Amino acid sequence: MAEVALNYTIDFVVLCLKTGAVRKAFVKLVVSNAVGG
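Residue numbers (our numbering): 1 to 37.
Honestly, the hints are just simulated from the structure, not real lab data.
None of these values were measured; they are calculated from a predicted model.
Misleading hints may appear alongside valid ones.
As the list claims (entries may be wrong) - Ranges between beta-carbon positions, derived for each pair:
#1 Phe26 <-> Leu6: 18 to 24 Å
#2 Gly36 <-> Tyr8: 32 to 38 Å
#3 Glu3 <-> Arg23: 38 to 44 Å
C-beta atoms are modelled at their ideal positions from N, C-alpha and C, and glycine is treated no differently.
Please model the entire structure based on the sequences and the hints provided.
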């Protein structure tokens, strides 16, 4: 059960990275942290 959930999570992350949505949000977070810090 856990393995299946992990596989789905990995697939979801890969899909998000492909679309660039997560990467864009991550960059925005890092930039805002760098500016704020």
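Hints, one by one, checked against the model:
no.	hint	result
1	Phe26 <-> Leu6: 18 to 24 Å	holds, 21 Å
2	Gly36 <-> Tyr8: 32 to 38 Å	holds, 34 Å
3	Glu3 <-> Arg23: 38 to 44 Å	violated, 26 Å
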